[in-house]
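*Asks:* So you can see what is in the structure, the chains are spelled out below.
2 protein chains.
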Amino acid sequence: MDVHDFTHDPQRRAWIASANAPGGEFPLQNLPLGVFSGDGGAPRGGVAIGDRVLDLRAALEAGLIEGEAAEAAAEPGLNRLMAMGRPASRALRHAVSALLAEGSEAAGRAEAALVPMERARMHPPCAIANFTDFMVSRDHSMRLGALKDPEAPLPPAFDSLPIAYHSRASSVRISGAEVVRPNGQWRRKDGVHFGPTEALDYELEMAVWIAGENALGTPVPMARAPERIFGFGLLNDWSARDIQRWEMPPLGPFLAKSLLTTVSPWVVTAEAMIPFRVPAAARAEGVPPPLPHLDSPANRERGGMSVALEVFLLTPAMRAAGAAPARLTATEFAWMAWTPAQMVAHHASNGCNLLPGDLLGTGTCSGPTEESRACLAEIILSGPVGLPGGETRRFLLDGDEVILRGRAHAPGAVSIGFGECRGTVTPAPDWPADE
Amino acid sequence: MDVHDFTHDPQRRAWIASANAPGGEFPLQNLPLGVFSGDGGAPRGGVAIGDRVLDLRAALEAGLIEGEAAEAAAEPGLNRLMAMGRPASRALRHAVSALLAEGSEAAGRAEAALVPMERARMHPPCAIANFTDFMVSRDHSMRLGALKDPEAPLPPAFDSLPIAYHSRASSVRISGAEVVRPNGQWRRKDGVHFGPTEALDYELEMAVWIAGENALGTPVPMARAPERIFGFGLLNDWSARDIQRWEMPPLGPFLAKSLLTTVSPWVVTAEAMIPFRVPAAARAEGVPPPLPHLDSPANRERGGMSVALEVFLLTPAMRAAGAAPARLTATEFAWMAWTPAQMVAHHASNGCNLLPGDLLGTGTCSGPTEESRACLAEIILSGPVGLPGGETRRFLLDGDEVILRGRAHAPGAVSIGFGECRGTVTPAPDWPADE
Chain P
1 MDVHDFTHDP QRRAWIASAN APGGEFPLQN LPLGVFSGDG GAPRGGVAIG DRVLDLRAAL
61 EAGLIEGEAA EAAAEPGLNR LMAMGRPASR ALRHAVSALL AEGSEAAGRA EAALVPMERA
121 RMHPPCAIAN FTDFMVSRDH SMRLGALKDP EAPLPPAFDS LPIAYHSRAS SVRISGAEVV
181 RPNGQWRRKD GVHFGPTEAL DYELEMAVWI AGENALGTPV PMARAPERIF GFGLLNDWSA
241 RDIQRWEMPP LGPFLAKSLL TTVSPWVVTA EAMIPFRVPA AARAEGVPPP LPHLDSPANR
301 ERGGMSVALE VFLLTPAMRA AGAAPARLTA TEFAWMAWTP AQMVAHHASN GCNLLPGDLL
361 GTGTCSGPTE ESRACLAEII LSGPVGLPGG ETRRFLLDGD EVILRGRAHA PGAVSIGFGE
421 CRGTVTPAPD WPADE
Chain C
1 MDVHDFTHDP QRRAWIASAN APGGEFPLQN LPLGVFSGDG GAPRGGVAIG DRVLDLRAAL
61 EAGLIEGEAA EAAAEPGLNR LMAMGRPASR ALRHAVSALL AEGSEAAGRA EAALVPMERA
121 RMHPPCAIAN FTDFMVSRDH SMRLGALKDP EAPLPPAFDS LPIAYHSRAS SVRISGAEVV
181 RPNGQWRRKD GVHFGPTEAL DYELEMAVWI AGENALGTPV PMARAPERIF GFGLLNDWSA
241 RDIQRWEMPP LGPFLAKSLL TTVSPWVVTA EAMIPFRVPA AARAEGVPPP LPHLDSPANR
301 ERGGMSVALE VFLLTPAMRA AGAAPARLTA TEFAWMAWTP AQMVAHHASN GCNLLPGDLL
361 GTGTCSGPTE ESRACLAEII LSGPVGLPGG ETRRFLLDGD EVILRGRAHA PGAVSIGFGE
421 CRGTVTPAPD WPADE
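Chains as they are written, first to last, in UniProt numbering: chain P, 1 to 435; chain C, 1 to 435.
Derived from the structure by calculation, the hints contain no laboratory data.
Check before you lean on any hint, since a few could be wrong.
[To be verified] Under the rule of at most 30 Å between Cα atoms (straight-line distance), these lysine-lysine pairs were calculated in the BS3-like manner:
id, chain 1, residue 1, chain 2, residue 2
1, P, K148, C, K148
2, C, K148, C, K189
3, P, K189, P, K148
4, P, K148, C, K189
5, C, K189, P, K189
[Stated by the list, open to error] So these bits of chain C aren't anywhere near chain P, every CB distance computed over 10 Å:
id, residue
6, G217
7, A240
8, P250
9, H346
Cβ coordinates follow ideal geometry from the N, Cα and C atoms, glycine included.
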């Protein structure tokens, strides 16, 4: 992979003015892929650029882009492009960057293939085959582990492998999906209880989308793991803590998580992230290096990513008062103890087959600072959250809206955004009477 | 549902002689559905009858069966039939039973739609959307839980809900798939180690296939749960115990399970199982009844199923000596502490959407007796397994073949079989060098 790829040149500008606005999320250096529908049209692939979406179907029909990668990317799901692997998405990026750059001869004709972003209805970027959720923040694991065992807060294997569990693919939705407060079972002082969760939480994570496929029984070594990453997004792993605590021993989280998982609809490709790669986080003091199957020179040098991540909360009272969302979390992905490539290599180390369109969650991206606690369960360890207008929160109440944002940043590079990952909590359904 | 449905009449015989042989697995009362291909043909739906497979595509084209359910069942996957819900599979069962019964006027013409079972290559019965594995045997949970805490061997929630975890859909295969010994990481006396598992085990489970769909956020009450069960099969949840022990805390099993899961290719429909329903197992002494959302009169009366389940082992030495497979396990599904309907209602109680083609594993079906221990981890608690020819086993060695069998039985009913669920262990791959 060429880190001097022309598409990353910070001097390059688009002929779409909004893409060149300082601090915008979707400059010419980003070009994230997604699936959208315009006014009544069918879902199709698109690329976010400034405040527009490039309709890849229209661009293909107009002859502005061509080839198998472009055809795959124009489909109503990115699975085929993901299956084609990284060279295909690299070729597509080059073509789209050339098309949208200042000086492009096709600019006049391409204008017709642009849709205003506010008129684009987003769809899931692909059919999600499997969803695996990791837990790679040492700080998150320490803070919550200390509640169970202050002497040994970290799981025994934490520093030896990226801990993960299989999660639920069917309940993954894109930003904006309604967060229906789940009913569930847990133990209270008065006995085992079933009813609406009283401890609904968010978890700020990054999403990792998988490219290519390894046959069942065939591992993916570290040297090949980066090629298996198609791109990245934001992920909110909504969690019901009361249900979780009760159901977890010994098989792990189940209904506490499968109520809903929300992802941002735009996939920031691995190509776009090249300028934001950083060395893998330093191992904690006294912790030996990973075993060889989870280690590589490339991973040590550039396995990490610099992404500033934030969570905002807007309550119904704040909304009524016209207040801005309050920031609850500000953290950094580069702090994570394991890299995306290590997640892939570990996941496939037993021969498990990873499929195009598989989704990995990184786990809650908490860091060492107070403001970097990336879920309420951690934040309220020091008491309820104070909000503008005098409100407080321990867990989420009906009507609360949670907004995740992310921005990749590096010295000398044009920073790029991930769009938003939003969700508003709605009341639990009445439990259906047994007919 | 009519328990006096004519398709269950024990007097009914097929015009295919092998289907009437005493003790056969696939009499006229069974009619399990599967997907197969004949000599070079494309995969299509079929029904097992005696030592034949009724080719549903051919039967449809010959006008022997008709309608939307038959068309859906003839496809190369049963997902659409599963989506149509139980009335569709009931209608299909009636039509096929009439076609294959002695006295059928179409018998002559139907002969051409029969394929010898030994020439039918089986395929997965459907595209598996999601796979969830339960743990509903109290005996299994007690025996293995006692290794960690002899004072409190059962998970706290065991008697309050059917414990489960999300497992891996991509690594589910049908009977006959190669069991590649996985590499993995665990802690040994000499430190954290990565290499081929030294504790490969089988787990005898039943498979539950889901019909219909509930929207995300919409629970399935107990009264509706039985309608969401399309059918049943056998499931081997291959497990690497050394990897499992190390990776489990706190998020549960991950790579110890996603190496492979094997299911039997024939789906015994919920309709076929009606004569074998029994009351839900009695609650253990002193255990209160389930909370109302996991209870119903119908479930108490007929939520359980009588299925005798067995595991056999054939080692390379036994194979060379011409010995018959040795039985390691003989157990009974009716002993399970939670019923399939309770699994469905619990799974959807948080609003999680269950999809047509979703797979539930029941968990290891161990019972209270010595011979009903349904995995090696339990069996070897009393020492290594002795085998014909003087061999012993603790865990599975390369070349070992494990065979699951099951048979539903009830007084006055014609017992029906589930076919086989087989797998042979092959050596671990050399760990790929880091290129």
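*Asks:* All the hints need checking, so say for each whether the structure fits it.
*Replies:* Now the hints, each set against the structure:
Pair hint K148/P plus K148/C holds up; C-alpha atoms about 17 Å apart against a cutoff of 30 Å. Taken as a hint, the K148/C and K189/C pair is honoured in the structure, with Cα atoms around 18 Å apart against an allowance of 30 Å. A hinted pair counts as satisfied when its Cα atoms are at most 30 Å apart, and K189/P with K148/P qualifies at roughly 18 Å. Only pairs whose Cα atoms come within 30 Å are accepted, and K148/P paired with K189/C is accepted, the gap being roughly 26 Å.
For the hint pairing K189/C with K189/P, the CA-to-CA distance comes to about 42 Å; that exceeds 30 Å, so the pair is violated. For G217/C, the requirement that its beta carbon stay farther than 10 Å from each beta carbon of chain P is not met, with the minimum near 4 Å. With 10 Å as the threshold on Cβ separation, the claim that A240/C sits away from chain P is violated: the shortest Cβ distance comes to roughly 7 Å. With a minimum CB-CB distance of about 6 Å to chain P, P250/C fails to clear the 10 Å threshold, and the non-interface call is violated.
At the 10 Å boundary, the C-beta of H346/C falls inside the reach of chain P, the nearest C-beta of that chain being 8 Å off.
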